[in-house]
Amino acid sequence: MPERLDDRELERTLSDIGTRLDGPKRDMWPAVRARIAERRAQPWWSRPGFDGRTLAPIAATLAVILVAAFLLTPTFADALDHLLSIPGVQIFRVSTTPTPMPTTGAYVSFPGQRAASVAEASRLAGFPVREPAALGAADEIYVELAPVRVTLVYRTREGLPVTALPGISALIVEFKGSLDAPILGKAIGPGTTLEAVPLSSGNAAYWLAGQPHQFFYRDSTGNIQPDTLRLAGNTLLWDAGGITYRLEAQVSREEAVRIASSFR
Amino acid sequence: MEGRPAEDAVLVERAQHGDTEAYGELVRRYQALATRTAYVITGLSTEAEDAAQDGFTKAYFALGRFRSGAPFRPWLLRIVANEAKNRRKAAGRRPTVDLSVAEDRPSGDTALSPEEAALASERRTFVLGALGKLREEDRLVIAYRYFMQLSEAEMAHALGVARGTVKSRLSRAIGRLREITAGEVRADA
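Going line by line, the protein sequences match chains Z and B.
The opening residue of the first sequence carries number 0 in numbering that gives the first Met the number 0; numbering runs sequentially from there.
The opening residue of the second sequence carries number 0 in numbering that gives the first Met the number 0; numbering runs sequentially from there.
No wet-lab data here; the hints were simulated from the structure.
Do not rely on the hints blindly, as some may be mistaken.
[Unchecked claim] Listed below are the simulated SDA-like cross-link pairs for lysine to any residue, each with C-alpha atoms no more than 20 Å apart in a straight line:
1) Z/Lys175 with B/Gly182
2) B/Lys57 with B/Ser99
3) Z/Lys24 with B/Glu46
4) B/Lys132 with Z/Leu9
5) B/Lys166 with Z/Pro23
6) Z/Lys175 with Z/Glu253
7) B/Lys57 with Z/Arg3
8) B/Lys132 with Z/Arg3
9) B/Lys84 with B/Asp49
10) Z/Lys24 with B/Ala101
11) Z/Lys24 with B/Ser99
12) Z/Lys24 with B/Asp49
13) B/Lys166 with B/Glu153
14) B/Lys57 with Z/Ala36
15) B/Lys132 with B/Glu178
Work the whole structure out from these sequences, hints included.
Laid out in structure tokens, this is it:
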């Protein structure tokens with residue numbers, strides 16, 4: 000047994016041990032990549048690590064939707080058919096659509112900070128916010144910062160029917176998406192159709208129509224929240240230049256594509 | 000700048016925007032560090048590799064919440080260390096671990112005589128034995144400082160404590176290690 004080690008020898012021996020500690024024998028990336036792919040194939044609200052108990056307290060009405068959604072989770076897991084992934088969005092086919100929540104009140108409010116102009120919204124969001132020429136300037140713009148999400152509200156537009164939301168003709172949501180950190184999820188039921196449609200820019204868009212579908216999003220603390228007090232109607236989703244766009248309006252597929260193709 | 004490896008922050012940002020290969024580069028860059036960190040906690044090399052891989056996977060899906068501008072290395076090590084601790088806890092392992100190092104590697108210090116080399120090897124075994132008896136937290140703080148050469152700021156990030164706490168934790172851990180080694184010398188003398 001060695002003599003008693005003084006501090007200097009102890010430190011030197013520790014450093015010596017450090018240089019001799021074994022690392023992995025081979026490149027770890029292929030194994031990690033496989034684990035990532037495996038986990039990505041699962042819907043993000045049922046991935047390991049997501050803890051339903053950490054859900055932030057929310058308004059009772061919101062809680063009703065949320066609980067319904069979580070009760071359905073095992074069914075989701077069985078019936079989910081991962082249909083597509085565009086950056087920041089995941090869409091899943093489910094056997095049952097959560098019961099729609101009736102929207103009450105004449106005026107719908109939106110989360111985030113209200114921006115005075117597209118320029119101000121762009122500055123706050125950190126990316127250029129764009130508007131469709133076909134709809135003109137938005138009536139209101141809201142910017143959420145964690146995660147960054149911009150909502151353009153079109154209260155009424157001639158020729159556009161109002162949506163299920165009182166006094167609103169169209170909504171556009173823009174955010175910087177990432178394929179691997181979805182901030183928006185959708186569960187669509189049997190009454191909803193989904194199809195890929197080309198935009199005039201050549202980008203692919205996805206058209207969801209028919210029965211309303213539920214949106215979820217991940218808030219700044221990583222918790223999952225139902226998007227707003229509503230179920231979305233006809234929706235077009237697409238991605239351009241790293242920004243994901245979502246247009247909601249009760250219009251035909253052709254009209255939605257025309258609006259989406261007019262972004263400037 | 001061709002040939003110069005990209006900064007962690009650049010790779011992280013690329014990975015956040017869906018470039019998985021950029022993340023692959025980070026995995027290769029830190030796989031040794033991550034595996035050693037997990038090994039210091041679990042004491043089993045196969046389990047350490049598994050914990051490191053799971054840590055990398057978890058970190059990947061947490062990239063969206065990674066604060067831009069923060070250092071990647073200690074953030075990753077914190078996730079890996081948690082993964083290793085959870086595994087150890089789940090397995091209900093005894094408080095001590097058996098640690099060993101490669102003895103067949105030529106020493107960095109070529110000036111050592113065969114006798115000195117043998118003595119150095121004996122000291123390593125002795126100190127490793129003492130390390131294995133330390134608490135997990137003490138082992139980890141010593142490993143970050145002496146095995147991984149993390150800076151004080153990085154150690155604070157990796158341990159999730161204030162920077163001022165790092166020094167006191169390290170000196171407490173070294174003190175305990177010294178007590179164990181001294182105790183064993185006396186016991187065996």
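* **Hinted pair B/Lys57 and Z/Ala36, Cα distance within 20 Å** => holds, 12 Å
* Could you grab the alpha-carbon distance between B/Lys84 and B/Asp49 and see if it respects the 20 Å cut-off? => At roughly 12 Å apart (the allowed maximum being 20 Å), B/Asp49 and B/Lys84 satisfy the hint.
* Asked: Under the criterion that the straight-line Cα-Cα distance not exceed 20 Å, is the pair Z/Lys24, B/Ser99 satisfied?
  -> holds, 16 Å
* Is B/Lys166 close enough to Z/Pro23, meaning Cα to Cα at most 20 Å? -> Violated. B/Lys166 to Z/Pro23 sits at ~30 Å, over the 20 Å cutoff.
* Mind checking the alpha carbons of Z/Lys24 and B/Asp49 for me, to see if they're no more than 20 Å apart? => holds, 12 Å
* **Given hint B/Glu153 paired with B/Lys166 - CA-CA distance at most 20 Å** => holds, 12 Å
* Asked: When you check the alpha-carbon spacing of Z/Lys175 and Z/Glu253, does it fall within 20 Å?
  -> violated, 25 Å
* Is Z/Lys24 close enough to B/Glu46, meaning Cα to Cα at most 20 Å? -> holds, 13 Å
* To do: Decide if the proposed pair is consistent with the structure: B/Lys132 and Z/Arg3, CA atoms, cutoff 20 Å inclusive.
  => It holds: about 18 Å lies between the C-alpha atoms, which stays within 20 Å.
* Has the given pair, Z/Lys175 with B/Gly182, been kept, meaning a C-alpha gap of at most 20 Å? -> violated, 59 Å
* Satisfaction of hint between B/Glu178 and B/Lys132, Cα-Cα up to 20 Å -> Holds: B/Lys132 and B/Glu178 sit about 11 Å apart, inside 20 Å.
* Straight-line Cα separation of Z/Lys24 and B/Ala101 no greater than 20 Å? -> holds, 13 Å
Consistency with the previously given hints fails for numbers 1, 2, 5, 6 and 7, ordered from lowest to highest.
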